[in-house]
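Whenever a hint applies, use it, and build me the whole structure from the sequences.
Protein chains: 2
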Amino acid sequence: MESREIVHTEKAIFENGLVLESGKAIKPLEIAYETYGRLNSAGTNAVLICHALSGSANAAFWHERAKKPGWWDMYIGPGKAIDTNRYFVVCSNVIGGCYGSSGPSTINPETGREFGLDFPVVTINDMVNAQVMLMEYLGIEKWLCVIGGSMGGMQVLSWAFHHSEKTRGAIPIATTMQHTAQQIAFNAVGRQAIMRDPNWNNGNYYGKALPFQGLAVARMIGHITYLSDEAMNIKFARRLREKEAYGYDFSIDFEIESYLDYQGDSFVRRFDANSYLYLTKAIDYFEIYSEIQDSESVKAMDVDFLVLSFSSDWLYPPSQVEEIAKFLESYNKDVSYCCISSDYGHDSFLLYNESQDRLIRGFLGHLYDNV
Amino acid sequence: MESREIVHTEKAIFENGLVLESGKAIKPLEIAYETYGRLNSAGTNAVLICHALSGSANAAFWHERAKKPGWWDMYIGPGKAIDTNRYFVVCSNVIGGCYGSSGPSTINPETGREFGLDFPVVTINDMVNAQVMLMEYLGIEKWLCVIGGSMGGMQVLSWAFHHSEKTRGAIPIATTMQHTAQQIAFNAVGRQAIMRDPNWNNGNYYGKALPFQGLAVARMIGHITYLSDEAMNIKFARRLREKEAYGYDFSIDFEIESYLDYQGDSFVRRFDANSYLYLTKAIDYFEIYSEIQDSESVKAMDVDFLVLSFSSDWLYPPSQVEEIAKFLESYNKDVSYCCISSDYGHDSFLLYNESQDRLIRGFLGHLYDNV
Numbered sequence: 001m002e003s004r005e006i007v008h009t010e011k012a013i014f015e016n017g018l019v020l021e022s023g024k025a026i027k028p029l030e031i032a033y034e035t036y037g038r039l040n041s042a043g044t045n046a047v048l049i050c051h052a053l054s055g056s057a058n059a060a061f062w063h064e065r066a067k068k069p070g071w072w073d074m075y076i077g078p079g080k081a082i083d084t085n086r087y088f089v090v091c092s093n094v095i096g097g098c099y100g101s102s103g104p105s106t107i108n109p110e111t112g113r114e115f116g117l118d119f120p121v122v123t124i125n126d127m128v129n130a131q132v133m134l135m136e137y138l139g140i141e142k143w144l145c146v147i148g149g150s151m152g153g154m155q156v157l158s159w160a161f162h163h164s165e166k167t168r169g170a171i172p173i174a175t176t177m178q179h180t181a182q183q184i185a186f187n188a189v190g191r192q193a194i195m196r197d198p199n200w201n202n203g204n205y206y207g208k209a210l211p212f213q214g215l216a217v218a219r220m221i222g223h224i225t226y227l228s229d230e231a232m233n234i235k236f237a238r239r240l241r242e243k244e245a246y247g248y249d250f251s252i253d254f255e256i257e258s259y260l261d262y263q264g265d266s267f268v269r270r271f272d273a274n275s276y277l278y279l280t281k282a283i284d285y286f287e288i289y290s291e292i293q294d295s296e297s298v299k300a301m302d303v304d305f306l307v308l309s310f311s312s313d314w315l316y317p318p319s320q321v322e323e324i325a326k327f328l329e330s331y332n333k334d335v336s337y338c339c340i341s342s343d344y345g346h347d348s349f350l351l352y353n354e355s356q357d358r359l360i361r362g363f364l365g366h367l368y369d370n371v
Numbered sequence: 001m002e003s004r005e006i007v008h009t010e011k012a013i014f015e016n017g018l019v020l021e022s023g024k025a026i027k028p029l030e031i032a033y034e035t036y037g038r039l040n041s042a043g044t045n046a047v048l049i050c051h052a053l054s055g056s057a058n059a060a061f062w063h064e065r066a067k068k069p070g071w072w073d074m075y076i077g078p079g080k081a082i083d084t085n086r087y088f089v090v091c092s093n094v095i096g097g098c099y100g101s102s103g104p105s106t107i108n109p110e111t112g113r114e115f116g117l118d119f120p121v122v123t124i125n126d127m128v129n130a131q132v133m134l135m136e137y138l139g140i141e142k143w144l145c146v147i148g149g150s151m152g153g154m155q156v157l158s159w160a161f162h163h164s165e166k167t168r169g170a171i172p173i174a175t176t177m178q179h180t181a182q183q184i185a186f187n188a189v190g191r192q193a194i195m196r197d198p199n200w201n202n203g204n205y206y207g208k209a210l211p212f213q214g215l216a217v218a219r220m221i222g223h224i225t226y227l228s229d230e231a232m233n234i235k236f237a238r239r240l241r242e243k244e245a246y247g248y249d250f251s252i253d254f255e256i257e258s259y260l261d262y263q264g265d266s267f268v269r270r271f272d273a274n275s276y277l278y279l280t281k282a283i284d285y286f287e288i289y290s291e292i293q294d295s296e297s298v299k300a301m302d303v304d305f306l307v308l309s310f311s312s313d314w315l316y317p318p319s320q321v322e323e324i325a326k327f328l329e330s331y332n333k334d335v336s337y338c339c340i341s342s343d344y345g346h347d348s349f350l351l352y353n354e355s356q357d358r359l360i361r362g363f364l365g366h367l368y369d370n371v
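If you read the sequences in order, they're chains L and S.
Residues 1 to 371, numbered by my numbering, are exactly what the first sequence covers, in order.
Residues 1 to 371, numbered by my numbering, are exactly what the second sequence covers, in order.
In short, the hints are calculated from the structure, not lab data.
Check each hint, because a few of them may be wrong.
Same chains, same names: a pair is fine if it fits in one copy or spans any two.
[Claimed, not checked] Straight line, CA to CA, 25 Å or less: simulated SDA-like cross-link-like pairs of lysine to any residue: (1) Lys326 / Glu230; (2) Lys67 / Ile292; (3) Lys208 / Ile107; (4) Lys208 / Pro198; (5) Lys27 / Glu242; (6) Lys27 / Tyr246; (7) Lys243 / Gln293; (8) Lys24 / Asp343; (9) Lys24 / Tyr246.
Model, not experiment: these values are computed from the prediction.
Pasting the structure below:
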């Protein structure tokens with residue numbers, strides 16, 4: 001059931017800019033965003049969607065001439081779990097990204113050229129502070145709920161813990177309060193793959209040969225962590241690609257190799273290598289668990305939580321996601337936790353899943369009915 | 001307790017060469033090997049050690065001016081688990097490797113230059129067939145036992161299933177009968193990292209700029225799979241490297257990043273990128289489980305097995321290693337299986353572990369006493 005309604009990405013420009021956690025500033029600050037549905041007169045039906053590493057502001061509906069709808073269109077639309085007949089839905093591209101918000105591929109007004117590594121390093125909290133500015137720009141005082149998976153879930157946690165007065169509910173999905181060493185390691189190797197590509201050229205590659213090969217390798221590493229071993233065995237097993245027997249050479253033998261190659265090579269056509277560095281760094285820096293230890297703000301926080309994990313997610317395994325719920329319970333917060341059974345690994349949150357649909361739909365409805 | 005005895009790598013040259021599973025041949029065939037201890041007059045005390053991906057024939061004792069002893073010196077030596085006062089121990093470099101046996105960096109006699117990709121693709125069974133030639137060359141009719149971990153364990157399985165008349169015992173450690181899609185995926189991305197390095201130049205890089213960056217990235221990916229999440233958290237957690245706070249740049253922030261960088265950069269000084277391609281391909285091709293289904297040779301096989309796994313190994317998790325033991329049990333073979341408790345992930349088999357020591361020592365002693 002595709003929603004063929006055409007939507008556009010809008011842009012908000014804040015000339016005074018945003019001061020970041022590093023002390024540096026993005027000035028002016030540009031935020032690309034989309035909205036679906038209408039804000040009600042009481043301003044009580046606004047829902048913020050936070051995207052993951054490779055996502056954009058186009059969370060739902062169709063861009064003109066697009067080949068597919070927004071990345072969470074299966075959950076957002078008329079009558080869907082995040083019902084645009086009922087809710088005013090907002091999604092913005094994160095700062096540091098490459099889909100319209102300020103990032104390393106933005107033109108530096110001082111030089112007339114892309115920022116590259118002159119763009120300041122951003123954190124998850126910075127991304128959320130930019131969203132706070134967008135919220136005020138849109139005339140929203142409080143979100144009904146903030147929802148997101150993976151890096152989006154980290155933004156949800158930043159909203160809930162650092163701006164708890166600005167949201168009634170929070171749905172962090174397939175995410176963590178901070179990366180373990182192994183999780184940092186996967187991102188770090190992805191960054192090394194890019195930075196060791198000679199075309200990367202210390203980030204100054206715009207208008208020249210791009211670091212396609214490094215970015216493709218980084219994306220392939222990512223994809224291994226997004227899919228579960230089960231999912232890969234269901235989808236590919238040890239099947240050969242258009243061959244009856246081993247090729248005894250170094251061309252593609254296995255279907256899984258072909259899949260990863262395709263994922264790597266198609267990603268480089270739509271994503272900026274520097275943004276990959278910035279966003280993975282923001283993810284690795286995120287450590288809200290350390291930030292909020294014994295803080296009075298957690299005790300005072302009045303936000304309802306729905307925390308979701310997926311059984312076959314090995315990037316953020318259920319046990320790690322559940323720690324968020326346990327932490328909240330230790331402060332007597334209102335939290336529901338559910339581990340959804342799925343074979344599709346970390347990617348599960350991006351696919352249609354009836355349980356995820358039902359849980360989000362029910363939680364949002366309950367929040368809305370109790371405003 | 002270091003064994004300071006100095007040893008040298010020997011070389012055996014077989015002018016008639018070896019015909020491979022692909023139908024191609026390595027001619028002449030060169031095998032680099034080391035031996036420790038003495039073959040007894042009955043020829044019943046010979047033990048073959050099979051090395052893993054980055055290993056060499058130097059399994060024990062010291063090379064002249066070496067900074068460390070052979071890779072399994074903690075288990076091989078006088079009075080050690082594989083007691084060189086009692087056993088005649090042999091270890092050879094695999095074909096396709098870069099430590100003295102025929103491989104892509106060997107000089108092609110027809111051109112006077114390194115083979116590069118003109119070297120034929122080899123399989124685990126080919127590696128073992130080369131070892132069979134070495135065995136005859138050394139005058140050994142039957143091994144007391146064949147022992148190895150990871151890729152070495154695959155060679156052990158090839159020996160046991162395809163040359164069962166040539167060994168009394170087999171100790172496959174932290175290994176599998178065939179790679180899953182995810183295991184192929186990790187190797188495939190490593191190969192892509194090398195092949196997408198412009199210096200790789202289709203394998204013709206000898207004497208020119210080497211594909212260091214690609215090989216370093218491949219090695220970093222490998223290291224993530226060799227260490228467990230637990231081991232990384234014990235060793236590194238989220239600790240910063242020589243910093244009090246985040247650097248807010250793309251230099252090294254975390255200790256785990258520094259560790260991986262070091263592992264990647266030091267590996268390229270000692271390993272050939274093409275050999276990395278050949279050996280990972282051999283590992284991915286290995287599918288002895290499919291080869292031996294319902295075969296009469298398995299029913300006839302008379303080999304005693306000790307199968308070992310490590311609790312925190314997530315590259316070859318205990319459940320997958322145990323499948324080897326279950327398969328053997330289904331044929332009523334003499335098999336002991338033990339999952340050794342260890343925090344160090346797949347790398348555990350390369351470290352000193354008292355349980356591994358005791359189990360290997362006991363199993364070998366029992367074999368020897370019952371010759």
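Between the shortest in-copy and the shortest cross-copy C-alpha distance, which are at most 25 Å for Lys24 and Asp343: within, between, both, or neither?
neither (43 Å within a copy, 41 Å between copies)
Alpha-carbon proximity between Lys326 and Glu230, which holds within one copy, between copies, both or neither at 25 Å:
Answer is between; shortest inter-copy Cα gap is 21 Å, intra-copy 28 Å.
How do Lys67 and Ile292 come out at 25 Å by Cα distance, when the copy is not named: within, between, both, or neither?
neither (42 Å within a copy, 47 Å between copies)
Could you place Lys27 and Tyr246 in one of the four classes (within, between, both, neither) given a Cα distance threshold of 25 Å?
This pair counts as between: shortest inter-copy Cα distance 22 Å, intra-copy 56 Å.
Is the C-alpha distance from Lys243 to Gln293 at most 25 Å within one copy, between copies, in both cases, or in neither?
between (56 Å within a copy, 22 Å between copies)
If the cutoff is 25 Å on CA atoms, where do Lys208 and Ile107 land: within, between, both or neither? Let me know, please.
within (15 Å within a copy, 38 Å between copies)
Given identical chains, is Lys24 near Tyr246, meaning Cα to Cα at most 25 Å, within a copy, between copies, both, or neither?
Between copies only: 14 Å across chains, 54 Å inside a chain, cut-off 25 Å.
At most 25 Å between C-alpha atoms: does Lys208 with Pro198 qualify within a copy, between copies, both, or neither?
both (12 Å within a copy, 16 Å between copies)
Is it within a copy, between copies, both, or neither that the alpha carbon of Lys27 lies no farther than 25 Å from that of Glu242?
neither (52 Å within a copy, 31 Å between copies)
In terms of the numbered hints stated before, the structure departs from hints 2, 5, 8, listed from lowest to highest.
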